[in-house]
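This is what each chain is made of:
Number of protein chains: 2
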Amino acid sequence: MLNRPIGIIDSGVGGLTVAYEVMRQLPKENFIYLGDTLRCPYGSKNKDEIFEYTLEMVEFMLKKDIKLLIIACNTATAYTLEYLQENINIPIIGVIKPGARAAIKTTIKNNVGVIATEATINSNAYKKTLEKINPDIFVINKACPDFVPMIEAGFIKGSKTERIVESTLSSLNNEKIDTLILGCTHYPLIKEVIQKKMNKKIKIISSGEETAREASAILEYYGLINQSTHNPTYNFYTTGNSMFFSNLANNLFKQSLNSVESIVIENVKI
Amino acid sequence: MLNRPIGIIDSGVGGLTVAYEVMRQLPKENFIYLGDTLRCPYGSKNKDEIFEYTLEMVEFMLKKDIKLLIIACNTATAYTLEYLQENINIPIIGVIKPGARAAIKTTIKNNVGVIATEATINSNAYKKTLEKINPDIFVINKACPDFVPMIEAGFIKGSKTERIVESTLSSLNNEKIDTLILGCTHYPLIKEVIQKKMNKKIKIISSGEETAREASAILEYYGLINQSTHNPTYNFYTTGNSMFFSNLANNLFKQSLNSVESIVIENVKI
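Protein chains in written order, with the working numbering: chain A, 6 to 275; chain B, 6 to 275.
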């Protein structure tokens, strides 16, 4: 039972930043990854679409007998986590609360910036989560609609990337924030560029790292840590073209994925 | 129900490093703190004594209708956490796993040092916890029997403190560790001296900060975050002299405690 896989779902390849942290921080765990590349990005979709697409991914995962589900997409987390936690009988972790908690631990001035997709920012999920825990935290939200398409197009460094990052984020340097949450799992891929363009003193929180750690806590708490000494297995699925997914993952992460399978999930709407 | 307090227990004043982090990271939560100052330090006691004393503290806490228990003492965590989690019907968090998880996230070379009391080191709890999650982590243990008596005697800086810290820890600088866990909740009080005496590149993990954060995760996960807008209340109890406890806390933390009550817990043995 303990060697059942963790399920990781995302709108595309961004959630791989979470998957790699799971590999690193939980090296005994098996996982299955599903990226809904066909319908990516979720950040510009409406609430009903995000809800429907995410539920379809969850159904796919539940058939794989996962022991824990990680919603490795901030937008999907913002719109579905509460519903899923109420209706599905396995532990489920999103990426928003772990990032929020890390920011609460890190901030000294209680001034936190959040950058994310339009849909995540519109959901106000980070602000609500931060304020629910600490009402004295002041939150500055900033939507970055260009970042996911830019990253999915392979631009993670160089002058074009720097120009887009700078023009999107420069106004944040005038705020009093001492902590910045990367509220989209794609953003760790451009973390160096973001750090370069932001005030040096601002500490950057990557939800991915924090989510892997919180997954570890929840697995431990439920007595679900894998005890097998076999090498872990990782299976990757995409709703898009498997070669495209592999190549993009290789380009972005400089690490090759062993097996990527292209799948059709029920009711896929493009 | 949600405004029920968190219970925090420790062998003495060291657990206040956890309590202050709970105040900071969970500012809406009420808590009750109990320090078993009369029988401190636990680090030099045997297994049966540690077990018995901790259970007496837990019984006191359960009568206070707490919603979550934090064992803010590494030694007590090492010897009782598993038993308590199996036998008591509220969520219980120790300080070892949160510190271990933070170290796993932080270490790059998979080489981690642990400093703690003799009893904690002898339990091998950190090594077991780290290796359970990541078998490739190499752990160097170092018992520091002089630190708790030194801190409880009020020495947290100055030449005497520096001399003791240096002579205890200097051998660790020859190891390949890149991360050092403060495996005793007293040790954050001498964190600056420790950092000064250790190789600059070694990152220091304070279980207290990490435990408060993991408490936040568990409360959130169980839907137990306090929603009241009243100012939180903090009650402090000691098995020793309340004035002594207050003064020591004031000296160590430069923050005064509102109410400290001296109590007798059942079967107290000196």
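Source of the hints: derived by calculation from the structure; they are not laboratory data.
Honestly, I wouldn't trust all of these hints.
Repeated chains share a single entry, so a pair holds when one copy, or any two copies, can fit it.
Said to hold, decoys possible - Capping the alpha-carbon separation at 25 Å, the derived lysine to aspartate or glutamate pairs in DMTMM-like fashion look like this:
| no. | residue 1 | residue 2 |
| --- | --- | --- |
| 1 | K137 | D70 |
| 2 | K147 | E87 |
| 3 | K208 | D151 |
| 4 | K33 | E87 |
| 5 | K68 | E225 |
Is it within, between, both or neither when you check K208 against D151 at 25 Å Cα-Cα?
within (22 Å within a copy, 35 Å between copies)
Alpha-carbon proximity context of K147 and E87, limit 25 Å
The answer is within: 23 Å in one copy meets 25 Å, while 44 Å across copies does not.
Given identical chains, is K137 near D70, meaning Cα to Cα at most 25 Å, within a copy, between copies, both, or neither?
Between copies only: 23 Å across chains, 33 Å inside a chain, cut-off 25 Å.
Copy assignment of K68 with E225, given that the CA separation must stay at most 25 Å
within (23 Å within a copy, 27 Å between copies)
Give the relationship of K33 and E87 under a CA distance limit of 25 Å: within one copy only, between copies only, both, or neither.
For K33 and E87, only the inter-copy Cα distance (22 Å) is at most 25 Å; the intra-copy one is 28 Å.
Checked against the numbered hints above, the structure breaks none of them.
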